[in-house]
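These protein sequence lines are chains Y and W, in that order. To convert, note that position 90 of the first sequence is 98 in the numbering used here; the numbers rise steadily by one, no gaps. To convert, note that position 16 of the second sequence is 126 in the numbering used here; the numbers rise steadily by one, no gaps.
Quick caveat, the hints were computed from the structure, so don't treat them as lab data. Hints may contain errors.
Claimed, not checked - So the derived label-pair ranges between C-beta atoms look like this:
#1 Phe90/Y / Leu285/W: 34 to 40 Å
#2 Leu247/W / Lys76/Y: 42 to 48 Å
#3 Gln235/W / Ala55/Y: 42 to 48 Å
#4 Leu42/Y / Asp178/W: 18 to 24 Å
For each residue, glycine too, the CB sits at the ideal point set by N, CA and C.
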Amino acid sequence: MMSSKRSEVPVYAAIYVVLLVLLALTVEAARHDLGELNLVITLSIAAAKAILIVLFFMHVRHSTSLVKLVIAAALLWLAILFALAFADYATRPWDLIIGGMGNNSA
Amino acid sequence: MIGETPTPTVSALAHQFDDLTQQNEADDLGMWLFLSTELMFFGGLFLAYTVYRRQDEATFAAASQELDLFWGTLNTAILLTSSLTVALATHAAESRQRQQLIGLLTATIGLGSLFVSIKFMEYHQKYVHGLMPLGGLPFHWDGPSPAHAALFFDLYFLMTGVHALHMLIGLVILLVLLVKAIRGGLLGDHAAPVRVTGLYWHFVDVVWVFLFPMLYLIGAR
Chain Y
9 MMSSKRSEVP
19 VYAAIYVVLL
29 VLLALTVEAA
39 RHDLGELNLV
49 ITLSIAAAKA
59 ILIVLFFMHV
69 RHSTSLVKLV
79 IAAALLWLAI
89 LFALAFADYA
99 TRPWDLIIGG
109 MGNNSA
Chain W
111 MIGETPTPTV
121 SALAHQFDDL
131 TQQNEADDLG
141 MWLFLSTELM
151 FFGGLFLAYT
161 VYRRQDEATF
171 AAASQELDLF
181 WGTLNTAILL
191 TSSLTVALAT
201 HAAESRQRQQ
211 LIGLLTATIG
221 LGSLFVSIKF
231 MEYHQKYVHG
241 LMPLGGLPFH
251 WDGPSPAHAA
261 LFFDLYFLMT
271 GVHALHMLIG
281 LVILLVLLVK
291 AIRGGLLGDH
301 AAPVRVTGLY
311 WHFVDVVWVF
321 LFPMLYLIGA
331 R
């Protein structure tokens with residue numbers, strides 16, 4: 009939380025530069041057609057940026073265990089939301105229900 | 111904060127807490143609990159986006175091409191910069207640097223306003239090009255599955271609109287903090303509002319970090 013104040017400024021500056029480099033990378037990657045890999049790359053870079061912001065700008069690396077637990081719980085619930093919804097869409101004939109609007113063969 | 115004696119003049123410590131460390135931890139925990147609910151809120155939108163994208167990836171990719179990559183990239187850079195300035199503002203407040211705090215809060219407000227202005231300019235462009243399928247507005251799509259393309263733009267306006275609303279709320283809070291800082295507040299032990307607002311601002315930045323690739327970067331350009 010409020011620790012090692014003097015050393016924080018260069019850390020913030022370094023993280024900021026890394027974030028801008030990652031932004032340039034993700035935009036450059038989108039200029040090339042890499043098929044399925046495009047999505048993997050762009051979401052991986054987004055996740056990397058998010059982790060850097062959370063750990064350093066939101067100073068979670070200095071946070072209490074309780075705050076870390078809250079974040080872990082939030083991510084777990086988010087995973088449940090996605091996992092159960094995907095399980096539903098993967099195992100039910102939604103294409104029939106929505107009248108063949110999509111082109112994926114379930 | 112260990113070993114520091116509480117200041118007798120206008121104590122930053124509320125009576126229900128033992129010490130400032132406990133109070134600061136409670137402040138941070140409260141904001142993180144709120145941000146967890148925010149994560150669920152935006153998570154639902156991301157889920158809806160993912161489900162509809164998987165139904166017709168080609169149309170979503172084609173619709174994504176209509177968004178202006180230049181403005182999207184610039185806005186991402188602007189928001190990342192505002193995250194830096196708000197992180198530095200927290201540092202300035204905690205280390206009692208009043209002028210720096212005022213300058214950094216002003217910079218954050220300026221960058222946030224610039225982001226929202228560019229966003230609304232993009233909205234106007236989409237409206238002019240007939241790509242704003244909101245409330246029965248005209249929507250023109252020449253490619254296959256115009257209904258699914260409209261769905262992409264519905265999600266685009268919903269997700270970026272809710273995000274922009276969060277930006278506007280953050281800007282109002284930052285303006286209140288700026289007034290307090292100009293009056294000489296928010297320094298040292300009183301810095302918690304800056305730190306907690308910073309957490310909120312960074313979260314809104316993180317949401318955009320995911321919105322940007324999902325809306326602007328799907329499919330090859």
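### Query
Of the numbered hints stated previously, which ones are contradicted by the structure, given in increasing order?
3
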